Every structure is written in structure tokens, then in C-alpha cells.
Amino acid sequence: MTTDSVTLTIDGNSVTVPKGTKVIDAAREAGKNIPHFCYHPGLPVDGNCRMCISDIRTWNPRAEKHMPARRPAVACWVDAEENMQVFTDTPEVKKARASVMEFLLINHPIDCPICDKAGECMLQDYYMLHDRAPSKLREEKVHKPRLVPFGKRIVYNGERCILCSRCTRFTTHVTKTHELGIVNRGDRAIVEVLEGGDFANAYTDNVADICPVGALTKTDFRFKKRVWFLKHTDSVCGGCSRNCNTVVDHDGSEVIRIMPRERAGVNDWWMCNEGRDLYKEHAALARPAATLRIDGLEGGTASSITTWVGEKLAEYKKSDAAAVLVSPWISNEEAWLLSFLLGKLKIGHLDVMTGRTEGALPADDLLHTDDPNPNRAGAIAAGIVPDKKAGKGIDEIKAAIEAGEIEFLLLWGPHFGNDLDPELLSKVATVVQITDEHDAVSDAAAAVLPLRTWAERDGTWTNFEGHTSRFRRSLRPPAGALDGFDLLMQLCAAAGVKSPAKSLRDARKKLKQDPDSDVRAIVDGKFTFPEQSALYRHTSGAREV
Amino acid sequence: MGTQRGKNKGFENLVDGQVLPQPAYQGEFTEGEIVQYYNPESMTWAERIYLPYVLAGLGLTAKVFLRNMVTWFVWLTYWVRGKGAEAKRGATTIYYPHEMRPDFSPVNRGKHILTMRDNDDPQCVACYMCATACPAFCIHIVAGEHPDPAIEKYPVRFDIEIDKCIFCGYCEEACPVDAIRLTTDVHLVDYKRERMVYDREYLLTWKPTYVEEEHVYPGDRPRKS
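Chains L and D are the protein sequences, given in the same order. Counting along the first sequence from 1, when you hit position 278 you're at 278 in our numbering, and nothing is skipped either side. Counting along the second sequence from 1, when you hit position 182 you're at 182 in our numbering, and nothing is skipped either side.
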């Protein structure tokens, strides 16, 4: 027996956990979810809601027996001890929990019909599981302030609040901004924005997520949709290079809201407000149409244009006059296949663009990074770097375009405008734009192919620390929008290069298996970059990755 | 086997000992063989010459006509005395839509109504319970912020596609605030499909008037004062 781990039994199941683990966490290890309101794995323990009350019996080594519990104790507060016995659903515990529920519901206005939390409310769920009894209260319920705005994004309803203090602990211990506090005593206690300040930090929406009842709701989601109509798809936020793991709540045609998804080491449980608003940007996106312009004529279908682009690429094989610029919104699989294709064609002028800059936020200690693009690290690691011998980086490509040396330029992905002046592109004979956003160049480029956005395709992104996250398709793409990976497969076929992967799934498998690729380590989540600052230095020249 | 089936009219070709007609793909046809796939003719001689049955049909029509006529004349004698409603009418048909049946059950489920508050606002709080319970997906609600913070949520739009509705009454049952009810009105007709979507203003037609006696149901025990 080691001293840094303890073994205890939870409802008869033995479980070994590190010393200092709370009983509620140990129970979760054992596959037992103890009901709770105030406990949250990302917040310090408070132990005020008493819902996780359990029969906890400690081992008395002198008497060599378990000491019978005098009264049930809260599982979120008690440390797991060696040989401890925990019973989570004995009749006494159930009775105690029903009593706790009754107390919590004494002054709760049962206004579930107008509450946005209904359907994902812990109070509703636990009432059905643990109480199911009518209220015994005959007096009028206590009235508290309702519809109190907490900043611009949160609305507080004091009557629904059960004072679990999750929100105040979030502002105290996670954002460390100390905006919220519980004031007054007894049944007059409410949550307030302290000192007349404004609740306006960049992570305010998290308090609505962690609120176990509908006391704190989001103005953005207010009365928009009942939660049981939502479909949930796992996704990744592309708002910055943190790649917060998210759940996209949508109805198949439009995104209703974006919620954070637990991912240890990346975003833990949290997400910033700007990332949640990214769906508005997505909805307002102007989408391009497949176009081919040759000799003043305009037309073409997506498949014929793809073939034309592929043949054009093959024409410029081993040529010094072709260059490819890739947006950092490309997925790892696409970047891997694109770099493979260009490697086979010996097109060495290849680099990642600066990408989006308009959404840049100041980096902070919690989540924000200074790069408002999701996958610069993954694209570089997957091989979107200039050829080591003669390849040109982005600055050299720019200089070559100015000098009129580039005849064929492929722009993959949106937001190239921060690197290239659209007027500069008139010096290039053939500009091919493959993007999900219609912009100034889409009206003049020789070929335009529409891509699917992050919400409409599958893929993986790798964040600035090397953690890879997978996003899945949540929305139906607009007619004609092409999947980036499928398009690259067709480009490979048109250029006469045998694709190393049969499908996206195959590519993901190969990414893990290919021993020469750094992406292997990325997908495993173990990759660390040698020098992080070098990664974000958008300088020309070959980079050692 | 075929003894039971052979008794049935029209299945005479299926009696024992006879070879049933085979489908074309199972065997070859011999030259000159006639395969009978249809039922044999089974009309009687009287049926085949039609005339007796034509006369029988005319007789039935005449019988009904005369009976109705006599009944109408009897009804007329009542009607001239102003007692038309008491007597039996000559025909069971009614002149819809000028005349409508009065005998629908009081619990018949028909057109929906939205109940109103005292200030003519909808009682509905746009909780979507009816839309959730609806098996025909015919209720469409858009919720909005009510100017009165005590009400908070109300339906900006409330549309029922009445031609999709199956009148199951689940919406009425699911409603937590008694905002939607089904009336006995079944006359839901229009010339345009688009007009079969009933909007909030059309449904908001009824304000409940609370009378103390109405809340006492037959099964209720008298309250102790």
C-alpha cells in the first residue's frame, strides 16, 4: 500500500484514488454519480447545498471496525480515507435528500414554463429523481428581485436562485475578477454585482452554464428555443488558437448557441463570450459560387473546375512560378493531403497565411491567445511549410508576386487579405481561390471553388500547445459547397498523384501511423513544439518544426 | 385441402382434383390451352336480363320518395302552427352550411382557442409544451419578451396549421396555464390552403368568465365554511 493513494468502498464497489480526493470524485471514479448542486469539478469546494449528503463511515483502526455515522455527511467536502465505507442510496440518505430538495424548493417559483433552463435544469432532474412530493408551504413565497441584468449578457432571477455560490466562486477563483457576491442573509440573500461594478469580463457566460437552476440565463439565448428541441454536435471553437472544445447546439439549419465541452488541458470547462458569438459571424458569411473564368468567359461546374485546377497544378510541376498560400483555418487532414500533393508535384513555395486578425483579443491567463485562427500549429506540423531547399516563405512569395515571377497562385481558405493586397494579385496570371468566404478576389480569380466551413465538415485542429481536437459536421452545407478533403482527393486524381488515403477516416488513421509526420504526435496529443515563439513569427524561410 | 375453399362462390376452379392455373414462369403452356385467371361468371338468369332489378330499384326510390313526401306533409301541418321543430322532417339531409347539426357532443374536439387575460393579452406564456406534445407538429410559436416583467414571456406568434391538426387534444392537456382549449367547432373549411394556418389573433377569441358555481363539479364535496 502506497501512502499517496487510498482505497475505499462506494456502495460495495472498491475504488483506489489519490490521497486528498473528495468522496464525490472517488464515487465518480467508481461510476457512481452523487447528486449535487454546488459542487463543480472546476471550482473549489463549498458544500452549501447539502444535496450530496451520504452515509460515510470511517475505519477505526483501534476498534478495528467502521464507525457508524452519527449523521449523513456531504460527499463533496469529506476527503476519501483508507478503508472508508460510503453508502450513497440507503433509505436514510434518500430521505435526507428528499428533505434537502424540499428546503431548496420552499421559495422556488415553479416558473419552468418561462424558464430557459427548463429541460437541462438540475433542480428539475433531481426533483423527479429524489423528491416528487408536492409543496407543503401554505404561506406566500418570498419574492426577490427578478430580471436583474448582470452586464449585457446575463439576466439574474433571484427567486429561482438556490444560492449554491457557483457563480461567485467562478468570478473569485477562475476569472479572479471578483464581480459577483452573495449579499443579505437568510431568505433575503441574493447574488449581486458587487460595489456597483459591471459584470463585463470576457467569460461571463460561463456562470449561466454552471448555474444549476435558471437563476442566471443568457440574454443571447433568451426565449430563443426550448433546449429539448436542440441537436447537439461536438465541435471546436475556431475563434483563437486555444481550440476550446464545444458543443454546437443547432436545429440542423442554423446554430442556436455554442456551449463549452469539458476537455482537460485545453479549455477545461470554460469558454469565452466571443467564441460563443462566433456562430453569428458564420451565419452572416457571404458564400462564394464555383466559377471558372478563361478568356473572358465565365462558367463551369465544381467538378470540371476541380479537374482544371488539378491539371493546372500538374502543369506547374517542379516549376518556380507556382505558389500556394494556406489559411490557418485548414484542418489537419486537409493540410496533410495538400502538403503531400504539393510535395509530389515539387511545388515548394508554400506557407501559412497570417489569416484572421480582426477578431484578435488580448491574450490572458485563462483561455484567450493572441492568434485568432484555430490551426496554425497543426497546418505547420502537417507540412504547410516552404520547401527546405528552395521554397519561398510568405514574404518571399509576396516579393516574387511584386516582381511578377509568380504565374500560378493557389489561395486555400479565407482571410488572405491581411497578407496580400487584392490589387497585387492582378500581377499573377492565374489565381485559384478555394474558400468558404466570398471576397474581392472571388470576383476576379481565374477559378473559385466554394468550401465548407468548420460547422459543415469533419476534421481536426491542433491548438498552440499541441492538443488536437476533433470537430464534426453540425449543419447541412449550402448547395455546391465542397468538403475540403474530398476536393483534395479529386485534385490529386486530376493532377495524376495517387492519394495516400482513401477517405477522411483513412487519413486520420494514416496521420497516426505515418512515422515521418509530426502530425502523428499531434494526434496523440503529446507533441510539444520546440520553440513556441518561432511558431508565431510570420517570417519567411524554412522553419524547422 | 380444397374442400372448404371450393364451397366459396367464385372459387369453383379450385376444387379437388383440378389442376390450378400455373404462373407463366413455372411451366410451359401447351398449344390451345386456355388458362382462366378470372372468376367464372356467377350471375343468375334474372340478374343477366337486368329488367327485374331495374324495376326493383325504381320501386325502392319511389318508396323512399313517397315516405319522405308524406312525412314532409305531416311536418308542414306542424310548421304552419309554428311547431316545425317538434315534428320529424321528411329527409335526414340538412342544408349545410345554412343549416348545421346541433347534436355535437359537448366534449367534441374541434377548433382551438387561446384564452385571454383581463387586458386581452394571451394567457399563453410561450412555454412550447403544446408544440412539444403535438404529434402532428402543427403548432408553431415564436416567444418574445413581454413589457410587463410579471408576465415576462409571451407568444409573439402562435400559428396552428389547422389542416395538419389531428384534434387529439394533447395541446390542451399539456398546457400548464390553461391557455389553449379545443372548442366543439368542426366547421374548419376554406378555399385556400394558406388560410388554414390560424394565427394568434384569430385564435384569441375567448375570455373566460369565472363564475363561482362553475368551479363546483358534481363529484366535489361541499366546502366547509
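No lab work stands behind these hints: they were computed from the structure. Do not take every clue at face value.
For the chain D half of the interface with chain L, some residues (derived, Cβ under 8 Å), not all of them [unchecked claim]: (1) V70; (2) Y128; (3) E145.
These numbers come from a predicted model, not from an experiment. Here a beta-carbon is modelled for each residue, glycine too, at the ideal position from N, C-alpha and C.
Verification of the hints:
Checking V70/D against chain L by beta carbon gives a least distance of about 61 Å; that is not within 8 Å, so the hint is violated. The restraint placing Y128/D at the interface with chain L holds, with a minimum CB-CB distance near 5 Å, inside the 8 Å limit. Interface restraint check: E145/D against chain L, minimum CB-CB distance 7 Å, threshold 8 Å, status holds.
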